[in-house]
Amino acid sequence: MSTVVDDTHHDEHHDHKPYGITRWLFTTNHKDIGSLYLWFSFIMFFIGGAMAMVIRAELFQPGLQLVEPNFFNQMTTVHGLIMVFGAVMPAFTGLANWMIPMMIGAPDMALPRMNNWSFWILPFGFAVMLSSLFMEGGGPNFGWTFYAPLSTTYSNDSTAFFVFAIHILGISSIMGAINVIVTITNMRAPGMSYMKMPLFVWTWLITAFLLIAVMPVLAGAVTMVLTDKYFGTSFFDAAGGGDPVMFQHIFWFFGHPEVYIMILPSFGIISAIIPAFTRKRLFGYASMVYATASIAILSFLVWAHHMFTTGMPVFAELFFMYCTMLIAVPTGVKIFNWVATMWRGAMTFEAPMLFALAFVILFTIGGFSGLMLAITPVDFQYHDTYFVVAHFHYVLVTGAVFSIMAAAYYWLPKWTGYMYDETLAKLHFWTSLISVNVLFFPMHFAGLAGMPRRIPDYAVQFADVNQIASIGGFAFGLSQLIFLWLVIKCTRGGEKAAAKPWEGAEGLEWTVPSPAPYHTFEKPPKVE
Amino acid sequence: QNRLNLTEGVTDVSNRVYDLHMTIFYICCVIGVIVFGLMFISMIRHRKSKGREPAKFHESVKVEIAWTIIPFLILVGMAIPATSTLIAMEDTSDADVTVQVTGSQWKWHYEYFEHEVEFFSRLATQQEQIQNKFEKSENYLLEVDNPLVVPTGKKVRFLVTSDDVIHSWWVPDFAVKKDANPGFINEAWTRIEEPGIYRGQCAELCGKDHGFMPIVVIAKEPAEYQQWIEETEAEQIAAKEREQELLDMEMSMDDLMAMGEKIYNSTCAACHQANGQGIPGTFPALAGEGVSVDPDQRQQHIDIVVNGVQGTAMQAFGQQLSMQELAAVITYERNAWGNDTGETVQAADINELMNQ
Amino acid sequence: MAEQQSYYVPPSSPWPIVGAIGLGLIAWGAGSTVINISNAEEGYGSTVLTLGIIVMAVMLFGWFRDQINESMQGMHSDQLNVSYKQGMSWFIFSEIMFFAAFFGALFYARVISIPWLDGASNNAMTAEVLWPQFVAQWPLVETPGGTETQGMGWYGLPLINTVILVISSITCHFAHVGLEENKRKQLTIMLGVTIVLGCIFLYLQGAEYVHAYEQLGLTLDSGIYGNTFYMLTGFHGMHVTLGTIMLIVMFLRVVKGHFSPDNQFAFQATSWYWHFVDVVWICLFVLVYVI
Ligand code: HEA
Ligand code: HEA
Ligand code: CUA
Ligand SMILES: [Cu+2]
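Chains as they are written, first to last, in my numbering: chain A, 359 to 886; chain B, 1191 to 1546; chain C, 566 to 856.
Check each hint, because a few of them may be wrong.
Heads up, simulated BS3-like pairs for lysine-lysine below, C-alpha to C-alpha not over 30 Å straight-line [claimed, not checked]: (1) LYS858/A / LYS847/A; (2) LYS1246/B / LYS858/A; (3) LYS650/C / LYS554/A; (4) LYS1326/B / LYS554/A.
Some residues of chain A that are not near chain B, with every Cβ distance over 12 Å (derived) [what the hints assert, rightly or not]: (5) SER393; (6) GLY407; (7) TYR648; (8) PHE707; (9) GLY775; (10) VAL823; (11) ILE840; (12) VAL845; (13) LYS847; (14) THR869; (15) LYS884.
Rather than coming from a laboratory, the hints here were simulated on the basis of the structure.
From the three backbone atoms N, C-alpha and C, an ideal C-beta is built for every residue, glycine too.
Produce the entire structure from the sequences given, and follow the hints as far as they go.
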């Protein structure tokens, strides 16, 4: 889509990196900060995954074996929080940091010091949240959705830590998003018009807008939880004229756009990878942009599909059902565009492509179950069962997480200067692909048959399904150790990567050497 | 009961829901087969290793419009039956029987509007089964002490609410799932075609024992139901009268302790724990601490148990237990686990507090 | 796109990590403080909180000092100024969304929860069974639970405060005009007046709270009316405080001779912030007090 005519960057001669610990603590370099985000997210993925393993181990058999119900609830809650705010979102921000300046020909992010700040408050936020697990009474145990009044009047003492931790994560996301928007709108190289930007940049631009619009609302929601619990307000208490359901409206006004925050950048990644390995231009670039924007706009109008059983009036239920169903249209456009891109291409199947293809299929399956959930009368049956759990793990794990892995494989050569080990990568892919389906597919059945979510123990008829899912879970967890090993290996050495290791890849990032020099595009390239 | 698919259920509505579910499922399958089919064809045939040259096309307004409009039409096709089913489900008018369903941590309370009948319904599975000490029974975690009884062939309306956090009353066979929101009443209804026993569970995270508050509904033929409700009503009225008489009776310490221990374990132990230690930071301990060991605070102790503590998880048990039971459980708390205040509390003390 | 001058990428800086530590201490300290208060126990929470605030203050001071030095040395290109301006605008947008959450709560209470508690929409049984005594009204002078309070009128202090803030917005604007036209005296005076007006506003707001607590029985825990009232005016008041501090800093810089018609980002940002605070107040005045 964009070709470089004038390739005059002389980065090489002052590629001096600061070293030592202060390089990382004080850095203003978008690549360093990107790496920090990515490693942080990787660690969080393992911590959240370890909690998921506790969940799966407890659910391996009916009866209580390993953990107390209260602790189980903490695991479920913190697993959800960590995966959402600690693993997926920082991974995307890390990718944005690394790639967006390179993709649009900018020397760095627009506000480099703030960029560092956005990252470094994250570890502190999570430290506060995780430390509450070790307090008397334990950490958050009210689900990642922290519905009032379970999270207010009836929660444990440590709730204040949870609240302030969420504030910090919110501040981090908002600052990160401001940086992304400003970088994209103000730092593009000459000739890089909006409709020439890579789709990853486009999807992130829209994601950043969603972030700035909804993270403050989450901050408002936790603030009301704080005052309801500790300062006697009654936002969520009918006796004072409030309503517990109001909490859900505020939360999901944030929460639904949030789930698209976790998938739009994936769409951008997949839109880069599929053309690269198909050696064919992306089909329908413009409609991809419009579809992304439509999804983002619609995402503000569908929040109450999480609340169909709360007793809203019928007209509201109908409105939210229709709007939710509509989202299938722009999402479908994306899927079809990808298939059309593949059609009559010349495909090869390296690891990034394998993950991208798995993404398209498995995300669509997750989308189908989402569509089923959107049908209000049937959602009465699905709601708060494992069918929902299956749905969102398909879109999040085989969606968001798979796309992040695809991105990692795609850009690792650019980051490290070495090719990753393709054999290990294939092994990682196939073990993950099989185990993840063994893990999450049976959950559809458990849910349909009536197994509620967030329970530490279940009726005997769900035993075999859960056992299968747990086995898949352990296998999927172990498969990720391959990935960890592979990434470490790749940073250490290996076959040297060319500036453009993928035959069909396009974009400015491939015009700089691998590994990308510490400073790129100090003089902007010209784009035609 | 189907172990792998949605419950078809025993009401007209639940059947319609099931059909809707299957229809949409099949539509998704068809779309999936087409999309994934094309992908696989492409993946197999359009490979570089087969010497393919990539084609050059990269847009086509016509097909793009087509694949925007066709899915839209499919969605409209889905929305029509969904809308009519939904409207039918939400029409709670003209009910024959009305039951108020109140969730609280972690039990259900049922109150019949047309009769003076009300009772609590708690998990009946033994703790030992949950702890894997005994074999698990067939209806493990899906059995209660007092099931809800409703007539078949009649429109039964449920008024769903809660005393504390949000619960959700769910019976798959009726396709009824309604959140129990504290301070508000949600309405739902069902008309059951076949007599039988139907089981469900609380479907909204409501704290520690969310997994342990099942629902059991027995649907009886109208005549049988009529007989049951009248008998139960008579029983409950008689029990109330007996309670009034018992007010003057002094119970001995041993009797109080024996009765109190039972009540404590079924009602209080979920939070304060069987050993009275509570859960630090969440539920206060009773053993060796607070009102239950302080001889000066006997009256406060009674007040807390009877009226609850506003703004905390401590419920008001005044309506949940009989006066005698309240007296017994308070006595138990004041003397168990080494609290040994040596004091008894009698039903008359409770009566005095409640009617002052 | 602006023609690309060389964009200034600052060298490594210690301030962000100092700020992160500060924010971490604040979160931890605030959490412990709140818990200590609610359990009526002694604790180290407030110490940690204070420490965090000090670290934050040091950070802000150091960060802005660096920033000002760079600006005075002319390292800020036009493109960088655009970045700053856009950054500030998006920050203000995020603030608007934060207030939107509370305005949303106000809207929900008035239009949905209170009428529903009195039987509106599909809640006939809610009123009949649970709250037979309750009458929907706004201001909610008697809650369903029976807490009584009084409404806050819009004339008197709130009206005076509205006038004050609107005038301060205008003086702030004229200060900016003064800067643009290089009339330093107008700039200094108008900025000074703005600051004074901001302080008067805060003082009157405080007086209003005292009046509400002591005479009206309108407190933070007197039901959703008091909740939305205090949360909205309270958060607004915190923003006015912040804005006033920013104005004071600008004033000091103006006195030191900083800013010129083409180097004035910090001043502009502050004035935007001040206008934003003013607009929020007008919404608040209309939605909280008048209707
Ligand atoms: C990345 C995250 C992500 C994504 C992308 C989605 C996408 C969608 N989600 Fe999902 N969802 C979650 C994350 C996500 N969701 C989470 C985390 C929860 C649970 C939260 C909690 O309670 O903890 C949830 C819960 C959830 C619910 C609430 C369920 C309940 O609690 O009862 C609903 C209901 O409507 C829903 C619907 C949808 C729909 C319609 C989409 C659509 O966007 C999907 C669109 C895609 C397709 C439909 C497939 C491709 C399209 C075609 C091939 C075109 C042709 C197709 C047709 C015409 C059918 N989701
Ligand atoms: C992006 C988000 C994301 C991701 C990636 C995941 C990943 C996983 N999730 Fe997650 N999940 C959520 C988001 C996510 N989840 C959310 C939002 C909820 C709802 C929470 C709520 O109800 O409030 C939820 C809830 C949830 C539940 C329901 C809990 C309940 O209702 O009680 C379950 C149950 O199986 C589960 C399982 C898993 C598993 C097995 C993985 C696996 O994919 C994890 C794999 C990763 C690892 C295992 C780590 C790496 C490996 C090691 C650490 C080595 C050691 C390994 C072994 C010892 C085997 N999740
Ligand atoms: Cu009650 Cu879950
Ligand atoms: Cu959603």
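Results of checking the hints against the structure:
{"no.": "1", "hint": "LYS858/A / LYS847/A", "verdict": "20 Å, holds"}
{"no.": "2", "hint": "LYS1246/B / LYS858/A", "verdict": "21 Å, holds"}
{"no.": "3", "hint": "LYS650/C / LYS554/A", "verdict": "25 Å, holds"}
{"no.": "4", "hint": "LYS1326/B / LYS554/A", "verdict": "64 Å, violated"}
{"no.": "5", "hint": "SER393", "verdict": "32 Å, holds"}
{"no.": "6", "hint": "GLY407", "verdict": "22 Å, holds"}
{"no.": "7", "hint": "TYR648", "verdict": "10 Å, violated"}
{"no.": "8", "hint": "PHE707", "verdict": "8 Å, violated"}
{"no.": "9", "hint": "GLY775", "verdict": "26 Å, holds"}
{"no.": "10", "hint": "VAL823", "verdict": "8 Å, violated"}
{"no.": "11", "hint": "ILE840", "verdict": "24 Å, holds"}
{"no.": "12", "hint": "VAL845", "verdict": "27 Å, holds"}
{"no.": "13", "hint": "LYS847", "verdict": "27 Å, holds"}
{"no.": "14", "hint": "THR869", "verdict": "21 Å, holds"}
{"no.": "15", "hint": "LYS884", "verdict": "24 Å, holds"}
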